[in-house]
Amino acid sequence: MKRLAIALVLAAATTAQAATVGKPAPEFTAPDLQGQPVKLSDYKGKYVVLEWTNPECPYVRRHYNSGNMPALQKELGAKDVVWLAVNSTNQSSGEFKTPQEMAKWMSEKGAAPKATLIDKDSKVGKLYDARTTPHMYVIDPQGRLIYAGAIDDKRWASTEETKKARNHVRAALGEAMAGKPVSVAATSPYGCTVKY
Amino acid sequence: MRFVLLLFLFFTLSATGAPVRTPQIEAELIAERDALVPGEPITVALRLAMIPGWHTYWRNPGDSGEPTRIEWRLPAGFAAGEIEWPVPQRIPVGPLMNFGYEGEVLLLTRLVPPADLVAGRPVTVRARAHWLVCEVHCIPEDVELSLTLPVASRAGPHARWGKPIAAARAQLPVPAPEGWRFDARSEDGGASLAIAPPRGVDLKEAFFLPYEQGKVEPAAPQTLAREGDGYRLALRAAAQPVGPFERASGVLVSPQGPALAIDVPIAARFADLGLVLALALAFAGGLLLNLMPCVLPVLSIKALGFAAAGEAGGSRLKEGLLYSAGVLVSFWLLAALLAALRAGGAQLGWGFQLQSPVAVALLAALFLVLALNLSGLFEFRLSVAGRPAGEFLSGVLAVVIASPCTAPFMGVALGYAVLESGWRAFLVFTALGVGMALPYAALAWFPGWRRHLPRPGAWMLRLKRWLAVPLYATVIWLAWVFAQQVGPAAPAHDASWEPYSAEKVASLAAAGRPSFVDFTAAWCVTCQVNERVVLAREDVLEDFRARGVALLRADWTRRDPEIARALAALGRSGVPAYVLYKPGRPPLVLPELLTRERLLAALDG
Chain W
1 MKRLAIALVL AAATTAQAAT VGKPAPEFTA PDLQGQPVKL SDYKGKYVVL EWTNPECPYV
61 RRHYNSGNMP ALQKELGAKD VVWLAVNSTN QSSGEFKTPQ EMAKWMSEKG AAPKATLIDK
121 DSKVGKLYDA RTTPHMYVID PQGRLIYAGA IDDKRWASTE ETKKARNHVR AALGEAMAGK
181 PVSVAATSPY GCTVKY
Chain S
1 MRFVLLLFLF FTLSATGAPV RTPQIEAELI AERDALVPGE PITVALRLAM IPGWHTYWRN
61 PGDSGEPTRI EWRLPAGFAA GEIEWPVPQR IPVGPLMNFG YEGEVLLLTR LVPPADLVAG
121 RPVTVRARAH WLVCEVHCIP EDVELSLTLP VASRAGPHAR WGKPIAAARA QLPVPAPEGW
181 RFDARSEDGG ASLAIAPPRG VDLKEAFFLP YEQGKVEPAA PQTLAREGDG YRLALRAAAQ
241 PVGPFERASG VLVSPQGPAL AIDVPIAARF ADLGLVLALA LAFAGGLLLN LMPCVLPVLS
301 IKALGFAAAG EAGGSRLKEG LLYSAGVLVS FWLLAALLAA LRAGGAQLGW GFQLQSPVAV
361 ALLAALFLVL ALNLSGLFEF RLSVAGRPAG EFLSGVLAVV IASPCTAPFM GVALGYAVLE
421 SGWRAFLVFT ALGVGMALPY AALAWFPGWR RHLPRPGAWM LRLKRWLAVP LYATVIWLAW
481 VFAQQVGPAA PAHDASWEPY SAEKVASLAA AGRPSFVDFT AAWCVTCQVN ERVVLAREDV
541 LEDFRARGVA LLRADWTRRD PEIARALAAL GRSGVPAYVL YKPGRPPLVL PELLTRERLL
601 AALDG
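Protein chains in written order, with my numbering: chain W, 1 to 196; chain S, 1 to 605.
By construction, these hints were calculated from the structure, which means they are not laboratory data.
Quantities reported herein were computed from a predicted structural model and do not represent experimental measurements.
We treat Cβ as the ideally placed atom computed from N, Cα and C, and that holds for glycine.
Please note: incorrect hints may appear among the correct ones.
To be verified - What the simulated footprint calls covered on chain S by chain W, stretch by stretch (three residues with Cβ under 8 Å from a Cβ of chain W suffice, anywhere in the stretch; the number is not a length): (1) 60–67; (2) 78–88; (3) 129–143.
Starting from the given sequences, assemble the full structure and let the hints guide the process.
What follows is the structure, encoded as structure tokens:
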């Protein structure tokens with residue numbers, strides 16, 4: 001009887017839809033910096049990278065200041081990969097950035113995502129169970145999640161070390177585009193907590 | 001006198017490094033004693049004092065964050081261990097959860113100075129500490145720290161930091177002391193941890209802090225439920241898992257007891273095995289039972305009974321069905337008996353009927369009668385109450401004499417049946433019965449098959465005499481089992497094998513040594529065969545020795561709840577079971593039919 005109760009509690013908890021590698025990525029709608037709604041399904045048929053970001057987080061700043069993240073955005077954009085940067089910082093948080101502030105910061109850093117989404121109610125973040133900034137997700141043209149986790153395998157490192165780190169997003173896309181299975185499909189993400 | 005006072009002051013002031021202050025943290029390296037003694041380990045600590053509202057992180061920071069890291073820059077000959085982490089607090093951040101420290105924390109590390117260190121000049125150890133300190137905002141910081149200590153032949157506790165460091169060490173998580181038992185089992189959506197505390201310990205609250213990220217969901221509540229004499233804690237798997245969740249490895253905290261460091265494998269759930277697969281295995285096992293040395297002699301005689309009748313007997317369907325009914329009903333009865341006994345709380349598994357000396361004695365008598373019958377020394381007719389009852393009883397007899405033998409595949413199928421319960425177990429035992437009854441029933445049903453049996457003749461009498469031999473051997477063996485069970489516990493006659501205990505396996509693994517456990521029983525024929533044919537061989541023992549594998553024997557001849565629990569945790573309910581425990585890996589259960597090649601493949605794999 002106890003065992004049944006435990007099983008039910010656990011089962012009920014897991015029915016809450018979370019983005020899980022191997023399953024279809026949940027659909028969402030969020031406004032971009034111009035206020036236009038952007039839907040995940042707009043990009044069906046293409047590879048999509050979701051990057052949870054927050055300019056106030058030192059880990060995000062490290063990747064942008066070093067040029068690491070902008071370079072990856074440009075490189076993948078040239079391969080027709082849709083990069084969506086998402087800021088799920090709740091509007092009640094002290095770290096909230098308005099669309100104008102976000103646009104200014106992104107342009108200062110030379111960032112080149114397809115779109116930057118302001119998720120001020122934190123809905124998309126909770127839908128994807130995004131926990132850190134940065135937290136990366138890669139979705140294939142059929143809408144399936146093929147990678148979720150950290151941007152690379154070095155939590156805190158100098159610029160030179162970052163260059164030598166294994167970039168999981170680049171690796172996952174390289175393998176998927178070559179028709180190979182993704183060898184590292186899930187890692188523990190690192191960074192600051194998402195400010196829900 | 002003044003000189004002594006000055007010297008004393010010099011010692012106490014030297015035994016520190018200057019604290020480094022950042023806006024949120026005051027950090028310094030401190031030592032438990034006031035001097036380094038050559039060759040003697042000393043506990044040093046990274047002391048982090050955080051301003052209110054800010055926290056640093058544990059080895060598993062939880063949903064986000066980063067564990068504090070110390071990179072030592074030690075003089076030649078010094079060695080430093082890993083951080084010994086105090087029990088962290090749970091720090092919720094919105095819907096997420098972190099594991100870390102607020103206020104002040106001492107991260108302990110053991111330092112060992114070389115034995116040839118020269119007394120006289122003080123020594124400075126340096127470290128680069130890296131941490132992430134967060135409130136709402138997060139700041140990663142890198143700080144250079146140093147600690148200078150004099151070198152002396154004796155050292156006392158540090159005046160300021162001796163007591164706090166000792167107190168911190170006393171509160172570190174400890175491996176579970178005597179009397180605590182832990183088991184983990186896979187559930188839908190995660191796992192559950194069975195906790196059996198020693199008598200008198202009453203847990204009202206408990207929480208499991210995993211060492212690794214990506215296994216247990218940090219923010220999920222963990223419901224604690226009473227179960228028998230112990231408890232069960234529900235662990236929800238991470239919503240985005242990283243790697244398989246095969247071990248419950250972490251710290252169990254409870255206000256009612258000490259913080260316990262545990263590391264147990266998570267036993268697979270049998271629903272995963274699938275009822276269909278369990279049925280298939282049970283059926284195959286039942287078929288193979290007919291070939292086991294317990295059953296084959298008597299069954300061959302019965303089969304040859306058909307040879308005597310020849311094709312003229314026509315379809316003996318009725319006999320075949322009665323025999324099958326005997327087999328099935330016996331299996332059902334045994335299953336029901338086992339279920340009833342387990343419901344009553346007994347830690348039993350398959351083969352339980354042979355753990356009783358009375359049952360063994362009765363079986364020995366039965367085999368003796370059968371053997372004497374085959375030798376022609378004792379006549380009795382199996383069909384005592386008339387033909388139909390006789391066929392039914394012969395089915396019952398077949399199951400009774402099969403019980404000492406466990407066929408391949410039966411182990412896993414029975415494990416499923418015994419640990420699942422209700423209608424699933426019933427179906428598995430039915431499949432086992434059908435498999436076992438099938439060959440004889442087929443022979444009875446299809447006269448055409450009997451065409452292939454040899455023509456009757458005088459050779460049949462000779463064959464009966466010969467087939468009596470394995471039965472006599474069984475009698476002798478059962479008598480030996482009986483002696484084992486009622487006699488005093490015999491001393492280990494084989495020095496290579498130590499008696500099994502779960503603690504022994506754990507302490508061997510902690511020391512980095514693999515161990516091989518032979519779960520066996522005197523009444524288990526397959527066990528005895530494997531032991532003599534494989535495990536007692538010099539070259540096999542050498543294989544183990546060369547790889548530093550400790551050999552443990554778990555003797556289940558008599559009832560033993562600890563062994564029963566260990567088998568259950570491995571997904572088995574009977575013997576034999578051959579398990580290889582390699583440190584850091586989940587236990588590997590080898591097949592019931594052992595060969596040297598399989599052993600080597602497992603050892604080197």
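Checklist entry - Can you give the numbers of the hints that this structure goes against, from lowest to highest? => result 2
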